[in-house]
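Protein chains in written order, with the numbering used here: chain B, 51 to 505; chain F, 119 to 456; chain A, 1494 to 1782; chain E, 1480 to 1757; chain R, 11 to 667.
The set of hints was computed from the structure by calculation and includes no laboratory data.
Be aware that a few hints might be false.
Said to hold, decoys possible - In silico DSSO-like cross-links for lysine-lysine, where the CA-CA straight-line distance does not exceed 30 Å:
{"#": "1", "chain 1": "B", "residue 1": "Lys289", "chain 2": "E", "residue 2": "Lys1697"}
{"#": "2", "chain 1": "R", "residue 1": "Lys308", "chain 2": "R", "residue 2": "Lys214"}
{"#": "3", "chain 1": "R", "residue 1": "Lys446", "chain 2": "R", "residue 2": "Lys428"}
{"#": "4", "chain 1": "R", "residue 1": "Lys516", "chain 2": "R", "residue 2": "Lys446"}
{"#": "5", "chain 1": "B", "residue 1": "Lys177", "chain 2": "R", "residue 2": "Lys306"}
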Amino acid sequence: MSTETLLTPSAPDTATWKPRLVAFVCNWCTYTGADLAGTSRTEYPANVRIVRLPCSGRIDPHFIIRAFEQGADGVLVSGCHPGDCHYTAGNYHARRKFMVLHALAEFLGIEPERLQFSWVSAAEGRKWADVVSDVVAGLLRVGPVQPTWGGAGELPVRSLSEPPRPVPEPLDVVGELRATAQRWLSDCRVDVFVGYGQGSLPGRLRPAFITSPDEVDQLVWNEHAVNNLATYLTRGLVKRHGRVGLLVKSCDARAVVGLLQERQIEREQVTLLGVPCIGVEVDGALAPKCHTCDSAWPALVDEVLSAEVPLTPVDGEGLAAEIAWVEKMSPAQRRAWWQAQFDRCLRCYACRAVCPLCYCSQCIADQSRPQWVSKSSDGRGNLAWNLVRAFHLAGRCVGCGECTRVCPSNIRLDLLNAKLAQVVRDEFGYVAGGDPDLPPPLTTYLLEDHEEFIR
Amino acid sequence: MSPTTYLADSAQAVLTAILAAGQRVVAPVEQAGLLAFAHVEQAEQAQLIGQTRASAKELAFPRTQRLFGYRFGNPGVELLPGEEPPAPTVLFGVRPCDAAGLAILDGVFGAEPADAPYLARRARITVVGLSCDQPQAHCACTAVGLSPTATDGSDLLLTPLAEGVLVEVLTARGAALVDLLGEALRPGAADKAEVTARAEAAMAPRALPAGLADGLAAAFGEAAWADAAARCLGCGTCAFVCPTCHCFDVVDESNLRGGQRLRVWDACQFGLFTLHASGHNPRADQAARYRQRALHKFSYYPRAHGRPMCVGCGRCVNACPAGMDIFEVAATAAAGQG
Amino acid sequence: MSVAFYPGCSLHGTGNDYAQSAHAVCQRLGLDLTELEGWTCCGSTPAHNTSALLSVALSAQNLRLASDQQRDSLVVACAACFNRLRSARHEMAHDEVLRGRVEHVLEAPAPLDVRVDHLLELLLDTYGLDALAARVRRPLTGLKVACYYGCLLVRPPEVMAFDDAEHPTSMDRVLAACGAETVDWPGKTECCGANLSLSRSDIVVSLVDRLLDQAKRAGADVVAVACPLCQANLDVRQTDVTAQTGHRYDLPAVYFTQLVGLALGAGADELGLDKSFVDSRPTLAGWLS
Amino acid sequence: MRTETYEPHLMTVAQVRDETADVRTLRLTFTDPALADSFAYRAGQFAFYSAFGEGESVFCIASSPTETGYVECSFKLTGKVTSALRRLSEGDVMGFRGPYGNSFPIDEMVGHNLVFIGGGIGMAPVRSILVNCLDRRSEFGDITILNGARSAADLVYRDQTDAWTARSDVRCVKTVDPGGDSEGWDGEVGLIPHVLERLAPTPHNTKVVLCGPPIMIKFSLISLEKMGFSGEQVITTLENRMKCGVGKCGRCNIGGAYVCCDGPVFTAAQIAALPQEF
Amino acid sequence: MARIGVFICHCGENIARNVDVDRVAEAAAQIPGVAHAESYRYMCSDPGQRKIREAIVAQGLTGIVVAACSPHMHENTFQNAVEGAGLNRYLCEMANLREHCSWVHSDREEATSKALELIAIMVEKVKRNQPLAPIRVPMTKRALVIGGGIAGIQAALDIANAGRDVVLVEREPSIGGHMAQLSETFPTLDCSQCIMTPRMVEVKNHPRIQLYTYAEVEAVDGYVGNFTVTIRRRARSVDESKCTGCGACTQRCPQKKIASEFDAGMGQRPAIFIPFAQAVPNLPVIDRTRCTMFLKGKCGLCAKACPAGCIDYEQTDTLVTEEVGAIVMATGFDVQPPTLYPEYGSDPDIINGLQFERLLSASGPTAGEPRRPSNGEVPRSVVFVACAGSRDPARGVPYCSSICCMYTAKHALLYKHKVHDGQAYVFYMDIRAAGKNYDAFVHRVIAEEGAQYLRGRVSRIYRDGDQLVVRGADTLSGTALTIRADLVVLATAVTPRPGSDALAQKLSVPYDAFGFASEAHPKLRPVETNTAGVFLAGTCQAPRDIPDTVAQAGGCAAKVLALFSADQLEREPVVSRVNEATCVACFDCERVCPFHAPEHRELRNRAGDLLRVVSHINEGVCAGCGLCVVTCRSHSIDLAGFSDEQTFAEIGALAPF
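Generate coordinates for the entire structure from the input sequences, incorporating the hints supplied.
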């Protein structure tokens, strides 16, 4: 039930339609290059509108999203050539962000013609004119953005992922778990122990906060222990209780790594109890993340529960298969597929609430100056929110899958996250949740980072 | 005077007749692996088993609604109309809990000064309820004084019988719809008590303690709220799937040319919900926010209106990412007071 | 990677010892050197002196065949063919108008998906020197070789992109891997006179004289070449050089493939060592046993 | 009852006055003359002010019902809407919807001595009822005014305060927090509760109107209680975030009371009975 | 609404020809928030600026959009005009109707509608502009000069003579740089050392110059006016305070055959050595990589020889910290070795120009007599090859090394002066002799000295017996040449000093693909860099000759002194600011900032208890790139002048195309 909106541009009249190209350019190279095109009287199409920013490093992906929201048919992002940055490294950092954004846009089915990147130096007036002409020509080829996506025909709602797998019998660690929690609490090693307790609905577990050694019998462990308890570390737990004992599966431990890396917790505030895990259940089957999980044993932990872990071969492709399935669609189909997903978004922000790496005290979705993300739960606001969420997790998401588990509208956020994790792994050689001493991939760069997507 | 009850072959048959009468229908359909209310054109599209993930309130109280628009001049501003309400619609297959939710919303938005945008939409909705014969694990309508066959909020209520379906005509709007359906309905009557009893028996026993409203009010200052809310992560899922939650925000969206003022859903569990511009927040922590939710549903509202602001659909319990159970929390808090 | 071998006219004619030895080498290394089915003339000198389009189109036709036969690369031994094929590919890639015209002639898209590799590149890049050295049976230890590249392999550098145009070392490295000692000499990329051999043999004689002189001074036992025409000039013209200048060299000019083949254990006949005017067999006797 | 519950009236900015560096007063007139005639409100009521393109903000109406032909609001720069409202200049058009809420019980105040206490921007609602009472001066007993601010630069309605001070029929005092005085300051120095205790108004037959930041209200109430005022004698206003003004949007409630409908004016006794969540 | 004034410039006919300025003015007046719109023939002229000022006052305008040329051209002009009318200068924006519109779009209709939209974009932006005040930071009026060649020496002396303290850091054991190595200088043929040595001594004796030789800049922190520089003083193994420079130690050293750096390998030195006779300071240093004591643990001959007992084998590197307000980078150049082209081979008789300088220098290993490195004989025939690596994009460097034409001519001349019957050949591409009296000098070398200039390239050099055979082309006569030579001197390309790229990174100075440091603007700010307070002198920026270097060093000194003329530093207020309320202290800003501007700030309550640590941007350091703004996920950082809200407003104005 999307809202008709005055701001969404009306369906273009194809007879008079002219592509609208917004160019975000850096002040020192491309803007000056465009100046040079002027002084050289190099003619190019009038469809472009330049927004001047100090550096390509200042070009926020949100600006690009916003430009599309405001009816741009295409966006061109341009800065200094590598090595030429007025601020020495702005364009190197920007290049990584653009790489991720480029991949995200493509994955969502935005035609490549609509989002273009270039390096244009202050001396390349000719190149500026050529790039604009070329991008405008590309836009003429793909035509106007359809105000409502779709037209891709019948689409399957479920992907052809691997068949659901049964959940293995959980390891019996409850006794040792309780004993360890009791010991930690009795020894005053921790002030609170966070584990799982019985939920109020049959077959559900839920987080349990144990503060007294007498209460440890509330702790349980089985295949329903889905919650990533690391999330609670940044939700006032330390402030309220002091030292925290935390039960972590291997995926949860990766989130703890992320929090350490981003300085959200101090290592000594948390004592980690690792639980060997051979899979949890989501929607009655083995969770997709578990198909490709190669470690029952969490890293970084202070103690670990002992169990004999049966050998479970990692032979699945997990989300990679579904990503490939999405990528096989035509761009128009992909766009429509995602559109249908995002249309269902209620903006309840459960995905944000459960994410261990979403810890900002004020999410940009809640900021109004500017209104980064339209509050309206319609096509525009929902698209922006889901893009922003995915982009902010690029290189950070540890793949715990909680966002997708809790989404009341079954939006496949895990595919977005996993796709960007692929990009980050393939392009920057980085996997989130590994080494807490590494810089997150979007806060660093290599001179030789790929830039084939940049003109 | 027309009869107040009819019989029909099946709920599906009633739907077929409604569609045949040219009515626009919104009914539960399967989308992306979950049930959701959506526009249907054929009776077979409708899924008349189970519970939709989101409630039925969205048709009357959409996630986003344009209150009005405006166009900038130089000088001056020109006001433009708000949204055009959708065409008259039959909301079909609404479970009694959801229908009761609409009745509660009608009370809230209808109270003077009334809420025109809601009423404009609501006036075009005919609710065809469908009694519940297969309750879910999280169902709790009996705990809040409703039943799997309750009529509250429905214009028509269909109750599946051993054979055929009982159609109760509950309002004039319901009667008007019946008039369009012709021979699909046969005047007749049946007792639905057995259906009710069977469904209630299938439900997990849930009850709210007596004197809950006062008990909760008395428990306002209890420190135990912090423990009770420890799990809550402060998302809006419970409010957004709830049939009675109606909090909203009002925002502008604009560009150089003009803009629009929108009403969008909001939730009391969000930290920003009550944040003052000065930075002061009357409900500064999740404990206070969860307490507000529990007390609004089970204390403030019942004290003013004599019934909980809850229809027992259990969606919030089912959907909560952290396993919060408002029935459990409310009962515990009130008991702790005693 | 799938390759097809483009022999060209020379290797089926005067230079068949080159072809013979190339096959011998590849067979011993396990490299598939199947000939391109239905190959035609590369365009060579006659075509590009008459029609630019024809010269490109002839090469393009061969690339087209390779593409149709699902080959990733066309491997060439003859320096002239190599030059033509690579030039044609370069021109089509950089001149849209020309590409359009070629496509018109071919009635097919320009086959830019097929690479053109010289046999030396195949050994160096695809096969690898370490792997080659590992297959050496009879190291050419003590054999001093002057590697002669001539013009066509390396020029023009921006088109051929083959090694260092002024100071190539590909052949040196390949033969060094076979145990030979390659000498540093100034003649590497000097001209042999090429097809002036027929029209102005006086020029060819003086150029060959200088090349042989330099190679000899550098201490070379043999000159190694990678081009049938170079081989012919350096080999056949030695008698003319002696006749006209009185300089006598008796310096065998052999294909590098013959030396590689030797190192890999191939026999003189298999390598076609009997085909040249200046008999290399006495010089190479030590490795022929 | 307007059919479009949330649609504002268009108003023209007739005057812009800066009270302090970050507090501004706008005087608004109706663009529709018919509305101007029919519009009526009571002191203490509030309204929503629209900066089109940015949103709505809630402030009390700072003018008095006796000041006809316009309404005024005073607001402090805090965010998106208030910055947009500050961009308006005379002649510009903005939106206004209201009035909402209850009002000061002026009829109950008749015949009583009155004490008006305003702290910072809290002086805005005080001003509305104060001017209303001053315009009906004869109906009331002694009138005492205390206008306080953090510093001299933060004191609002300074000219009017000086005019009230000049009147012989009211006692008007302005004060700033210790350290907040600057050169040329001719008022008191001290926190409002302290100055209030120095003024020592009699509780007998007196009503107190008290508005300001929560901390100032808290300590002023303690002082008033010490001086013998009962909760029923002290009238104050509450502010909460609100979006609708009509009891729907669900965020301004304190317990079962909706500030927008049941307030914003409460007696101290009423507030004491509410859950302490404001 | 805001009251925005829009001023549209005709720029004579430049804009008006392709843009209907009257129609644009009329339409601009309709944009919401625009209180005034007019057009004028030359907005940047005095009357044009007056129109703006008058309108601001008369109409009470709150923001200005000047629709004219590029802001790079006239932003400052109009900001000044706006300021003249009492409006903050940052409430003025420019819409670029000339370079970005009228000059590039010939369709008048299209250009006109685009012009209007460009104006609308800037109107929307300027509505959100905030008045900004320049940032003032305190300043240490002391300069650091890195590099003790002629550039560094000149800059240091100029600054010191103007009364400011200077810290001069030189990596080698002595200052002097390449200029001290040269024989005579073109075109006047003054003796290089004769003019250089007095300057070196002046540096040493200057009361305002603190000299560190055999030292390197280890780290640079801080920002303009407030740099903290850590300098590593490498261990000389000689106690400087006691050493008299008598040289006894160097004579006793058993290692005598080490290639001398100062002589570019043409001469030899011991392991403990004074680089050259006129070295400043005139102190020996032990080359620990070659000293027997360090390699084998025993020897100690120099210690025994030293009458003052100042040999100290235990000495270690020390770090010193200096506070300075400005930095001059003068790290100089190197020349490529003579082995760039493999077809030239590597032969002892093929040397580069710097090596030939040493052979020609009176203080050199041959006492100024050119001799062949291979056999010590005087060469009878010398081939000079210019552009040996320069202007060769394929195999060398694409740029011109700028000095080779001149020094090659000088070499030919000096050679002819010393070997009267010798023959000098010069292969050249073309002769670039653009300096004062330069061309005349080259003509003199050709016409009077009889050097044979050959326009063409050398294709190959190889040894034939005792001689080298140089084969090349004379493209003027169209002939191939073969020249037999005794010595070949290659004028190899000038490259930046190794390690200067690492230093540039420490200084946050960009550098080009070849490692030359980049100036802030090639025309108008040739000695400044984009890092405020860091300046460039000499060949670290590009190849240049001595007079240009000295002039540029003087320019640096002037810039430094101008900087020091104010007690506080004023900076453009385009800087990032942190919203401490929403900062979550992930410090990703710190990770991305190229300038180290983000700092950790502790937030404490009144009682002094630590509440949180948040990021804080040091305004003095922030260069305003906005990288941190984009990196900050909670958007707790914004950039003044290019704020998120401003940009969103611009994008919002893009809609009505």
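Status of each hint after checking the structure:
Pair hint lysine 289 (chain B) plus lysine 1697 (chain E) holds up; C-alpha atoms about 28 Å apart against a cutoff of 30 Å. For the proposed pair lysine 308 (chain R) and lysine 214 (chain R), the alpha carbon gap of about 35 Å is over 30 Å, so the pair is violated. Distance check on the hinted pair: lysine 446 (chain R) and lysine 428 (chain R) sit about 26 Å apart at the alpha-carbon level, within 30 Å; holds. Distance hint between lysine 516 (chain R) and lysine 446 (chain R) is unfulfilled; the C-alpha atoms sit about 37 Å from each other, more than 30 Å.
Distance check on the hinted pair: lysine 177 (chain B) and lysine 306 (chain R) sit about 61 Å apart at the alpha-carbon level, beyond 30 Å; violated.
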